[in-house]
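Visitor: Working from the sequences, and respecting the hints, build out all of it.
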Amino acid sequence: MTPDLRVRLGDIELANPIMTAAGCAGSGRELAQFFDIARIGALVTKSVMVEPRAGRPAPRVAETPSGMLSAVGFQGPGIEVFLQRDLPWLLSRGGRAVVSVAGGSPQEYAELARRLSDASGVTMIEVNLSSPNLAERGRHFAHDAGAAARVVNAVRAKTRSDIPVFAKLSPDVPDLVALAQECVAAGADGLSMVNTVRGMAIDPVTMRPAVAGGVGGLSGPAIRPIAIACVYEVHAALPKVPLIGMGGVRTGSDALEFVLAGASAVAVGTVIFNDPSACVRILREFEQALVDRGVGRAADLVGAAHRPPGPRHDDDHRGRPRGEGR
Amino acid sequence: MTPDLRVRLGDIELANPIMTAAGCAGSGRELAQFFDIARIGALVTKSVMVEPRAGRPAPRVAETPSGMLSAVGFQGPGIEVFLQRDLPWLLSRGGRAVVSVAGGSPQEYAELARRLSDASGVTMIEVNLSSPNLAERGRHFAHDAGAAARVVNAVRAKTRSDIPVFAKLSPDVPDLVALAQECVAAGADGLSMVNTVRGMAIDPVTMRPAVAGGVGGLSGPAIRPIAIACVYEVHAALPKVPLIGMGGVRTGSDALEFVLAGASAVAVGTVIFNDPSACVRILREFEQALVDRGVGRAADLVGAAHRPPGPRHDDDHRGRPRGEGR
Amino acid sequence: MSDFRPVQMSSPVLTVRRVDSYHAITVVAPGVAERFRSGQFIAIAVGGEQSSMLLRRAFAVHDVKPDYGGTVEFLFAVRGKGTAWLAERRSRDLLDIIGPLGKPFPLPRDPVNCVLVGGGYGSAPLFPLAQALRRRGCRVDFVLGAASSDKVLGAMAARRLAETATFTTEDGSFGVRGRVTDALGQVIEDARSDVVYTCGPMPMLREVTALGVRHDIPVQALVEETMACGTGVCMSCVVPVVGGDGITRMVRSCVDGPVFRGERIRFDDVGTIPFDALGAPGWKARTDDDYPAREAG
Amino acid sequence: MSDFRPVQMSSPVLTVRRVDSYHAITVVAPGVAERFRSGQFIAIAVGGEQSSMLLRRAFAVHDVKPDYGGTVEFLFAVRGKGTAWLAERRSRDLLDIIGPLGKPFPLPRDPVNCVLVGGGYGSAPLFPLAQALRRRGCRVDFVLGAASSDKVLGAMAARRLAETATFTTEDGSFGVRGRVTDALGQVIEDARSDVVYTCGPMPMLREVTALGVRHDIPVQALVEETMACGTGVCMSCVVPVVGGDGITRMVRSCVDGPVFRGERIRFDDVGTIPFDALGAPGWKARTDDDYPAREAG
Ligand SMILES: Cc1cc2nc3c(=O)[nH]c(=O)nc-3n(C[C@H](O)[C@H](O)[C@H](O)COP(=O)(O)OP(=O)(O)OC[C@H]3O[C@@H](n4cnc5c(N)ncnc54)[C@H](O)[C@@H]3O)c2cc1C
Ligand SMILES: Cc1cc2nc3c(=O)[nH]c(=O)nc-3n(C[C@H](O)[C@H](O)[C@H](O)COP(=O)(O)OP(=O)(O)OC[C@H]3O[C@@H](n4cnc5c(N)ncnc54)[C@H](O)[C@@H]3O)c2cc1C
Ligand SMILES: Cc1cc2nc3c(=O)[nH]c(=O)nc-3n(C[C@H](O)[C@H](O)[C@H](O)COP(=O)(O)O)c2cc1C
Ligand SMILES: Cc1cc2nc3c(=O)[nH]c(=O)nc-3n(C[C@H](O)[C@H](O)[C@H](O)COP(=O)(O)O)c2cc1C
Ligand code: FES
Ligand code: FES
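From first to last, the protein sequence lines are chains L, B, F and U. So in the UniProt record's numbering, spot 47 of the first sequence is number 47, and the numbers just go up one at a time. So in the UniProt record's numbering, spot 58 of the second sequence is number 58, and the numbers just go up one at a time. So in the UniProt record's numbering, spot 83 of the third sequence is number 83, and the numbers just go up one at a time. So in the UniProt record's numbering, spot 11 of the fourth sequence is number 11, and the numbers just go up one at a time.
None of these hints come from the bench; they were simulated from the model.
Taking CB as the label site, the calculated pair distances span:
no.	chain 1	residue 1	chain 2	residue 2	range
1	L	Leu134	U	Ile247	23 to 31 Å
2	L	Ala304	B	Pro132	22 to 30 Å
3	L	Arg114	B	Ala237	38 to 46 Å
4	L	Gly94	U	Thr15	40 to 48 Å
5	L	Val291	B	Pro132	38 to 46 Å
6	L	Arg114	B	His306	41 to 49 Å
7	B	Gly213	F	Arg90	38 to 46 Å
8	B	Pro132	F	Arg90	47 to 55 Å
9	B	Ala237	U	Gly282	23 to 31 Å
10	L	Leu134	B	Asp11	43 to 51 Å
20 Å max Cα-Cα, derived EDC-like pairs, lysine to aspartate or glutamate:
no.	chain 1	residue 1	chain 2	residue 2
11	F	Lys81	F	Asp96
12	F	Lys81	U	Glu49
13	F	Lys284	B	Glu108
14	F	Lys284	B	Glu51
15	F	Lys81	U	Asp96
16	U	Lys103	U	Glu34
17	U	Lys81	F	Glu49
Here chain B is said to cover these stretches of chain L; the calculated rule only asks that three of the stretch's residues, wherever they fall, bring their Cβ under 8 Å from a Cβ of chain B:
no.	region
18	60-68
19	188-199
20	215-221
21	227-238
No residue lacks a Cβ here, since even glycine has one placed at the ideal position from N, Cα and C.
Guide: Given below as structure tokens:
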């Protein structure tokens, strides 16, 4: 029996919970060389801005243990080209398009929302709050619950009512649960977690920061435990709010971990750089994990790790179920 | 020519910058089976508390990509037994003893400081601020700059003047630099950074949190970029304050990264579990790294990554010095 | 004492083979082999220098031979990422191993009757033990169990080494259908066993210990709590054990064990901190007088 | 187009050998071999499934053969953790490779005179190029340089394939003492070269390009900017390149390159965002009219 993989994110339904993470899959064109992008739950685009952006100077990335540091700086063609070239291409291949947006002010976010609402075929808007707030000397919107709420509010106001708006949060904020609550109060239909973690590396040869600009965003399996803690905590505080979990998903079992912690869908980012077919492989492994556990519906597992321990847990205390296979 | 490895931490000098991280080397007895503990800069003990502590239930640890989650809960024998049994043993082997202390109130910390000052042979006291504040429903002292400052103040007041007091900070705080400044203002002679990062894992078999109690501390190479960013930032803000850097040091090159970021000494934690001889291996590799770079004094490299880019950096822009070896 | 301390070494793999449904790896490790006493284990770093897996994996020593200065064999089932990596090793690869670790099985001074009870791969450490006991003139009986016949480890060797060898499988595919404890009582009576040695999953150790108590004979149990370092520094492998002074302590199974008197392990409290354990929340130091002497949990 | 798209495959290692001071690995990779055109590269995952190294390593294809359905050879110097791991591979190990990636060297329609200039392992992609050029009846001359003689790659093959082969070493241990650019001018004149193909470190590409400009012949330069994915999704490998429209863009060297017209690469601005690049801070969309046409950086 094939498990039912459909999941709901607010008012929309995805065929399965596996998505790409923003900025790690372009707009789908490159990955389509390796698999049929219509097969995954959705493709989340690189964050699009109003104007074209050249991004940050190279070196932009550095490898770190089980992770990477990056500072790409939102390089992209701007909303105009995105709507003319990238979105139609993605839709023509049958992809579900979640469009990530980034701006320097609530007004810019609102303009992006308006233009995406005028276009057709956008499944969801993901509001990347880890973008520098021009009015606040470049502090990220995510670091100020008030500013984040204003952005979410502006986007929700300009977005067509049938397009859900998800706010994407970063883990290094003073109080994640409070930020999550503010975003939901401001109209977010759901939350995406997590963006990259602040980090740095020094190149031991040049003796200088390894990525130009010094600080970068840490991503990949290294941060998975941080991301899981965020998803778990926010799901505990806001159990009705749909979450998209991400941060270091490498296997179907990792995706399952996010679902158990409270995510309704799971996005794959950095691991795509290692394995361009990662999303379909992870989807296959995730499905197999459900089969192995005799679980008929993926949706039933969302937040299962929060349930009071059953007899299985009790067993665990007496030496984990590792006796099983003996 | 063998490089001069001596480093200063406030008023004391260590023979070399490599130390153990608190809680990852016991009080030295187990590691002494693998190498001569007198050879490393100092041995930092497991955080000692006033009373004996049973710690947290098992499972206490889980492996994560390039890291681990732990929730040991300060299991230990209490200060009495520590002073009678552990400290004398360590000193008898010629080890430099940095004693980490943890308590539930500033008074408990103060009592520990007093008793350690009465004993002889303590090189330094490291104040572990990631301990639950009993008066604040278990919130860590490190999460509240005021509470942290009260603890540091209490410890400094009761500590013999020739023993430096270092405050150990955790990376997940709202404003690390502000906390660092508060601790220094309260009398800390230096800072140790970083303690573990909040994290969580779900066991995909039991479908429950992998570590009893849910949340644990993430450590190991996975967090190194986070730790480097903390050291770099605090050194930039407080260039005169000596720092002990830690978080995922696995090789001599990693230790060098911390020194370049601004640490005067470097502690090795989780990697000891992988390689009980890690400290001496890292010391050897670190020394070799200095030789390879023609650096005569380790102390000269402290914070070198902050210096304005020289011609070497310029070279870097034109394609890194990777042409060198061709 | 310093002669018994563990060594860390880069050991070449000599052979990799299958034993029943297990993988068996023999490494050349003279320092480990010469120090080894039965019940001790080794801890292996997995995945190489750039591995994302930092924690060592613990394995019982299944056999020690004098060849090449000293070889050590361990057996394992593929369970997770680390054992999957180990299963791919080939001869001449190097393994970073530490051993021998932990306290060995205490051996009886006199030639008494010993019954050795193993579950699954938990049987592995019982084979060098059986040899040591035989050298001391002890009678050895084996009771080995597993879920199914392919998981019963070392049936041939057991028959060769022991007076009697009884096998149990949960699915009845080999020997008696059921668990080791379904057969053990009879063996103890028939063999007039004086002591039980056992290794296997925690629930099995608990049942075997209960049986030993009922027959009034001591049980030496080798526990396998999750370990991260194997050397005593991480504090991850704790089990609540009652000391000679009647006080329960959270002891490290890697250095204070892995072998404990079964009656002293508080099986029902494994995975918890018993309220009366030394240093438990609310625990207060008591004088010896007002602390009730207790011998078993 | 779809026939040219890269494939991802688990390729068995056929042979591992040393070529001069480099390691050479040949893998069986029919899909890659049949699609390959010179100048394209492959990207390899390093360290296995539990590797802590997530980023792929890019390598030029040095040779393609029809054996076993198609084999691909690449050469490398051990530089960091990933190449150290690769150097330890043995035959029959599997490598996860993607290829062929990137845009190939454009080949001349007519049988013109081509000079191929390589620095260190940067010479590797020039050998399949030389063969392709020879098949088209082009004259091929080689100028290969390195720091020392042991790092000059493929001197024998160069002599075999080319009309002339000139070697330079910085320490003078082989051929002309100096850099490739010290010898290149003369070769261009002697051979009446019509086009330069080059690969090597960025500073060398810059000098070679400058020389090409001085001799008024086009330069095709294969750049090696730090890459993380090789497939175009990570945006790490950008280089400022002037387009046909005169606008500078930060282009991905993995998919828009790695081969570019040398004159279009803004070498002096590599590692920066030129102020006039499309989307640079302060950049404003301009009409075609008020944007000065520029052809070279
Ligand atoms: C003293 C002792 C002796 C052992 N002897 C054997 C033996 O002879 N043969 C054998 O097959 N297995 C034995 N085990 C269990 C063996 O250590 C685990 O099967 C192995 O660590 C699993 O590693 P993995 O990477 O496959 O699993 P993972 O689940 O990926 O391991 C993750 C982490 O959990 C720890 N862990 C997981 N399962 C266990 C376990 N059952 N016991 C202890 N730690 C665990 C690992 O050490 C590692 O740190 C023994 C364990 C102990 C403590
Ligand atoms: C198109 C192209 C073709 C190449 N062809 C060859 C070749 O034929 N032979 C050869 O020896 N080398 C070649 N290189 C360079 C090769 O990719 C690096 O030497 C290799 O990635 C270093 O990996 P490492 O793990 O040893 O070093 P590390 O420093 O550990 O690598 C860390 C990260 O930086 C990247 N990186 C480091 N150095 C380079 C570099 N010089 N270029 C690009 N990325 C780098 C790695 O891909 C990795 O993501 C080529 C690079 C490119 C872009
Ligand atoms: C190179 C790179 C570029 C990214 N670009 C974006 C982006 O444009 N918008 C965004 O919301 N997140 C961006 N992210 C963050 C990812 O979407 C994701 O939240 C994060 O990397 C954690 O997931 P991972 O560990 O699976 O990569 C980027 C991450 C990387 C590594
Ligand atoms: C098992 C374990 C126990 C620890 N115990 C303590 C402790 O008692 N006191 C303390 O200040 N830090 C403790 N730490 C934190 C380490 O000292 C160190 O700050 C952190 O692990 C980061 O370094 P690492 O990545 O090298 O381990 C502990 C860490 C681990 C993994
Ligand atoms: S396994 Fe680390 S203390 Fe026992
Ligand atoms: S290497 Fe990733 S885009 Fe070029």
